[in-house]
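Based on the sequences and whatever the hints tell you, model everything.
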Amino acid sequence: MKVLVITGSPRKHGNSSKLADEFISKCKNLGIEVFRFDTAFKNIHPCIACEKCHSGDGSCAFKDDMEELRPRLIESDGVVFVSPIYYYGMNSQIKSAIDRFYACDAALHKPKKAALILSFADDTMESADGAIASFNGMINFLGWENAGIIAAKGCFNVNDVDNTSYLKDAGELAVRFKEKL
Numbered sequence: 006m007k008v009l010v011i012t013g014s015p016r017k018h019g020n021s022s023k024l025a026d027e028f029i030s031k032c033k034n035l036g037i038e039v040f041r042f043d044t045a046f047k048n049i050h051p052c053i054a055c056e057k058c059h060s061g062d063g064s065c066a067f068k069d070d071m072e073e074l075r076p077r078l079i080e081s082d083g084v085v086f087v088s089p090i091y092y093y094g095m096n097s098q099i100k101s102a103i104d105r106f107y108a109c110d111a112a113l114h115k116p117k118k119a120a121l122i123l124s125f126a127d128d129t130m131e132s133a134d135g136a137i138a139s140f141n142g143m144i145n146f147l148g149w150e151n152a153g154i155i156a157a158k159g160c161f162n163v164n165d166v167d168n169t170s171y172l173k174d175a176g177e178l179a180v181r182f183k184e185k186l
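Residue 15 in my numbering sits at position 10 of the sequence shown, with consecutive numbering throughout.
Calculated lysine-lysine pairs in the DSSO-like style (CA-CA distance at most 30 Å, straight line):
no.	residue 1	residue 2
1	K115	K100
2	K100	K158
3	K33	K158
4	K183	K17
5	K115	K47
6	K115	K68
7	K100	K173
8	K33	K7
9	K100	K185
10	K158	K17
11	K47	K7
Beta-carbon label-pair distances, calculated as ranges:
no.	residue 1	residue 2	range
12	G176	K68	33 to 41 Å
13	H50	K185	31 to 39 Å
14	T129	P51	29 to 37 Å
Bear in mind the hints are in silico, worked out from the structure with no lab data behind them. Just so you know, even glycine gets a beta-carbon here, dropped at the ideal spot from N, CA and C.
Structure follows, in structure tokens:
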């Protein structure tokens, strides 16, 4: 079993990163092979809709760190997206990577499990609605199964997630994820 965890947080020890760490740790304890791709620390050019990927050999016009992600994305059994909420959506770092899925779109339409882990400052779910809708639309389009969503609200400061049940939830999501793989 191979799980790809794609993170967007530019804070190495922030709330989203801690949730990703907990999910990954539990996956490894369960014998799941995990590859983590931290988009905030990668060189990912935004898609410019040039359509080069849909002509010729299917390669993207940009030679950047998506070349590292693309094969792992295609071969994974599951994909977990982890992002802080920035202005009612996933942040631009992870969104740039997701937009570039277009280049390998045909190869992604196969059964996979997917999960979403979000952290955000607000105390209401309204701030996460856009990201959740985007995630659900994407996985429905790709034919992937939703294995779960964690929306860690009220987590603005770097260590806010530490005193919540969200870290435990991330570990439990790993268990549910394995059951679905």
